[in-house]
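Residue numbers (the working numbering), protein chains in the order written: chain A, 1 to 218; chain B, 1 to 201.
Warning: the hint list may mix true and false statements.
Said to hold, decoys possible - Chain B is faced by these chain A residues, among others (derived, beta-carbon under 8 Å):
id : residue
1  : L4
2  : L5
3  : L9
4  : K14
5  : D74
6  : G75
7  : S76
8  : V81
9  : L217
10 : R218
Hints in this document: simulated from the structure, not taken from any laboratory. Think of the CB as a built atom: it goes at the ideal place given N, C-alpha and C, for glycine as much as any other residue.
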Amino acid sequence: MRALLVRDLALAVKAGGGFGLSLAFFLIVIVLVPFGVGPDTGILREVATGILWVGALLACLLSLDRIFQLDYEDGSLDLLVTSPLPLEGLVAAKALAHWLTTGLPLTLVAPLLGVLLNLDPTGYRWIVVSLALGTPALSMIGTFGAALTVGLKRGGLLLSLLVLPLYVPTLIFGAETVRRAVDGLENTTPLLMLSGITLGTLALLPFAAAAAIRINLR
Amino acid sequence: MDNVACARGGLRVIEGVSFTLQAGQALVIRGPNGIGKTTLLRAIAGLQPVLEGTIAMPEDAVAYAGHADGLKGPLSVEQNLRFWAQIYGTKSIGRALEAFDMTGLLDRQAQDLSAGQKRRLGLARMEVTGRPIWVLDEPTVSLDAANTALFAAMVARHIDGGGIAVMATHIELGLDTQIFDLAPFKASDSASQPFLDEAFL
Chain A
1 MRALLVRDLA LAVKAGGGFG LSLAFFLIVI VLVPFGVGPD TGILREVATG ILWVGALLAC
61 LLSLDRIFQL DYEDGSLDLL VTSPLPLEGL VAAKALAHWL TTGLPLTLVA PLLGVLLNLD
121 PTGYRWIVVS LALGTPALSM IGTFGAALTV GLKRGGLLLS LLVLPLYVPT LIFGAETVRR
181 AVDGLENTTP LLMLSGITLG TLALLPFAAA AAIRINLR
Chain B
1 MDNVACARGG LRVIEGVSFT LQAGQALVIR GPNGIGKTTL LRAIAGLQPV LEGTIAMPED
61 AVAYAGHADG LKGPLSVEQN LRFWAQIYGT KSIGRALEAF DMTGLLDRQA QDLSAGQKRR
121 LGLARMEVTG RPIWVLDEPT VSLDAANTAL FAAMVARHID GGGIAVMATH IELGLDTQIF
181 DLAPFKASDS ASQPFLDEAF L
């Protein structure tokens with residue numbers, strides 16, 4: 001499983017990999033928002049949390065169809081499924097590789113980009129905490145969606161439609177965690193809900209994704 | 001393998017297939033295009049369920065090589081092979097490299113290889129799996145005569161070591177193999193079968 005993780009990370013950072021894609025998309029969205037919304041720092045401060053979270057979510061979505069599609073096309077998914085690796089472990093390793101190449105970098109650059117949106121000073125800590133807790137769920141749910149659509153030619157649209165509704169709870173509680181902190185309110189409840197969703201998806205979805213792959217490879 | 005029937009795309013393609021292989025035997029599956037050779041091999045490899053019948057064999061014994069070689073273009077020959085060696089828990093890739101005379105190509109990126117070289121790398125992977133039953137789908141495609149001979153030698157070594165090989169090929173490998181013609185096992189009722197997944201929809 002570690003070999004698979006190392007290989008996926010190596011492929012992601014090599015030319016043509018998906019590493020820079022999500023990060024660049026996130027950067028572009030956040031840089032463009034002040035141009036669209038206008039230079040009013042009050043309005044920007046209001047929407048900063050939401051924009052950062054939505055931007056991170058869409059950036060995550062962008063690289064999902066690569067998770068299994070490339071392996072499916074070059075035949076290595078067949079070979080991996082017949083290998084001694086448990087399929088659930090394979091799915092978990094894929095999700096972890098996706099998180100390390102998208103979720104983690106997004107989490108780390110979010111506070112830097114928060115400056116562009118005039119994010120409230122108390123928000124910096126919480127945007128990192130909420131993204132760090134929430135993006136693993138985004139990667140895991142996305143891996144499940146990718147497993148459902150593996151083998152479909154140009155399955156990207158279907159993948160987005162399947163995955164976006166499942167992303168909504170994470171988005172709501174993630175953004176709420178930061179917003180409440182910024183407003184000086186108690187934010188333990190959304191934080192716990194966010195963690196609960198992440199832990200739940202990590203516990204259940206590897207099995208669901210593995211089952212989906214077994215059906216799709218027939 | 002007893003009285004096996006398989007379907008592809010919801011269509012029953014073969015039925016009543018039975019054969020038994022002992023350690024040290026090789027079986028070549030023949031039949032016209034579309035008869036269901038790949039489907040049968042994928043069923044043996046465990047990639048798809050059989051409609052009826054049973055396939056009995058030791059657990060975790062099968063190594064499968066399909067039409068695609070499963071190579072990663074940006075990685076080198078060595079990295080590709082080493083990855084599979086790690087997955088299967090094999091220490092050395094030297095034997096696999098020698099089997100197809102690939103020691104000179106170690107640092108070459110897989111995307112820069114010719115079709116034949118890619119195939120050789122894909123087949124060399126079988127050597128690092130360390131599994132007793134090899135399931136090979138059209139292994140000799142895009143191999144030249146010399147490399148087909150290397151492949152035959154590799155399979156011969158595998159069988160001599162007590163392995164089993166099941167392959168679909170039309171090339172005469174010069175091996176002592178049994179030949180299994182799939183043509184008589186074409187499903188008589190090829191009308192559409194109820195698709196298994198409909199239960200979920």
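Interface hint for L217/A, Cβ within 8 Å of any Cβ on chain B: Since the shortest Cβ distance to chain B is 5 Å, the answer is holds.
Cut-off 8 Å, beta-carbon criterion: hint that V81/A touches chain B: At 6 Å from the nearest chain B Cβ, V81/A passes the 8 Å test, so the hint holds.
Hinted contact G75/A with chain B - closest CB pair below 8 Å: Since chain B brings a Cβ to about 3 Å from G75/A, closer than 8 Å, the hint holds.
Chain B contact restraint on L5/A - CB to CB distance below 8 Å: 11 Å, violated
Agreement of hint K14/A with chain B interface, Cβ distance less than 8 Å: For K14/A, the interface hint holds, since the closest Cβ of chain B sits about 4 Å away, which is under 8 Å.
Closest C-beta approach of L4/A to chain B relative to 8 Å, hint status: Holds - the Cβ of L4/A comes within 8 Å of chain B, reaching about 7 Å at its closest.
Satisfaction of the L9/A interface hint, Cβ to chain B closer than 8 Å: Hint on L9/A: violated, closest Cβ of chain B at ~12 Å, above 8 Å.
Hint check, D74/A versus chain B [nearest Cβ-Cβ separation less than 8 Å]: Result: holds, 6 Å to nearest chain B Cβ.
Supplied contact hint for R218/A, tested at 8 Å Cβ to chain B: Holds - the Cβ of R218/A comes within 8 Å of chain B, reaching about 4 Å at its closest.
Agreement of hint S76/A with chain B interface, Cβ distance less than 8 Å: Hint holds; S76/A Cβ to chain B Cβ min 3 Å, cut 8 Å.
Hint violations for this structure: numbers 2, 3, all remaining hints satisfied.
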